[in-house]
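Student: Chains V and P supply the protein sequences, listed in that same order.
The number in the working numbering is simply the position in the first sequence, starting from 1, with 1 added.
The number in the working numbering is simply the position in the second sequence, starting from 1, with 51 added.
Read the hints as simulated data drawn from the structure, not as lab findings.
Watch out, some of these pointers could steer you wrong.
Distance condition first, Cα-Cα at most 35 Å in a straight line; then the derived DSBU-like pairs of lysine-lysine [what the hints assert, rightly or not]:
no. : chain 1 : residue 1 : chain 2 : residue 2
1   : V       : 148       : P       : 71
2   : V       : 125       : V       : 93
3   : V       : 125       : P       : 118
Every value quoted in this text rests on a predicted model; they were computed, and no experiment measured them.
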Amino acid sequence: MVALLPRLRRYAYTLTSSREDADDLVQAACERALSRRHQWQTGTRLDSWMFRIIYTIRVDGIRSLQSRGVHVSMEEDFRQTNDGCKEDLEAKLMLQRVLQAMKQLSDSNRQILALVCIDGLSYKDTAETLQVPMGTVMSRLARARRKLYELAHGSNELKLSTQGVMT
Amino acid sequence: MTKLTDEILMAYVDGELDEKETNDVRKAIEADPKVQKRIEIFTGSAAMLQGVYDAPLHEAVPKRILKTLENPESGKPPRKLFNRIADFLRMPGWQPAYALMASFVLLIGIGAGYLASEIISPNKAFPPVALNSEKFSWGLETTASGQTFNIADRALQVTPVSTFLDKSQRYCRQYEQVIIGQNGEKSLSHGIACRDASGNWHTMIYIAPHPAGKSPANSTEYIPAGEEDLIDTMVSRIMASPPLAIEQETKLINQAWEK
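Produce the entire structure from the sequences given, and follow the hints as far as they go.
Tutor: Below, the structure written as structure tokens:
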């Protein structure tokens, strides 16, 4: 479990776009996982199980805040995330745009991007983690990436249909 | 020829296609600038996202998270009263007779619910009434469920409600108790008492209404349950089998609780 923590924190960060919220989320997920460790089936992937717990806590948390009329802030000081690219203004701007774009995506879009594009899970493992068919993973993932691209590049230059470019 | 949907182009970028499909897409990319352009949607996303979100991979995990794993109890919310009591009931103390007098559960009700469970020792000035007196013990030994017996000159009336075997095969009885105050006011309490090997009955769980206007000491929890629900829950936790039928109970009383 300890070895998984960096990946879990990155996953939670992708979902929340806030370092502090991400760590709260991971901590809550660890607590929940420990209290329900009997529910984890030996032989199945621990990372998938933890990803599911994190996502559930995140989505439940937002729902409960919203139901109480609390505005859920997604703002985050970008300085915390761009240390590696101070020298490269263009890259920095791009990262800023990506962060902003991610904030506009739905949790389910962020979740699938976190699993495949960031964590590098295969489609098969992602399908197992999300407990959906692989075809669903592919269509959700393509949709999320189109949206991300559109938002990050700030244009509608792409006619973002689900059709291919040729047959 | 593989149909070049976005999903296929994306799967190509992600290395998820088989060899034939990979070759088909590669040829299409070489031949068609539109495909090259389209595939850009998918090629950059991983690098872009990792650039933004990879920071946690390159730094130490905060101590508070590690601590959660080291000490699972530390971050937990306080346990529910029922669970605490259930754990208490599973304590070795509940099982062997030697611990019979060592402790019991006292619940004090207030308003519509219950505040504060205290797991206390009988030395702590409780019970306030003669719940473990000889009269009480004799009453439970000899009175059928549904019948009332008096202790302390009618100021305290006890009515056994049911009889059952607990998980260590001791007889226990659920009872209701009415205390009649000096001005004639009545207060109803609920309890469970169990019989030790020498025929004495000891109250193990007692649920009392709280005196009006007073807040119980060390109150930490509010349990929104009716007192009857609460005592039934307690009974179901410690009961090994369903309560005895009245005929079985009568037989037991008549033969001085010999199994």
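Student: If any of the earlier hints don't hold here, list their numbers in rising order.
Tutor: none
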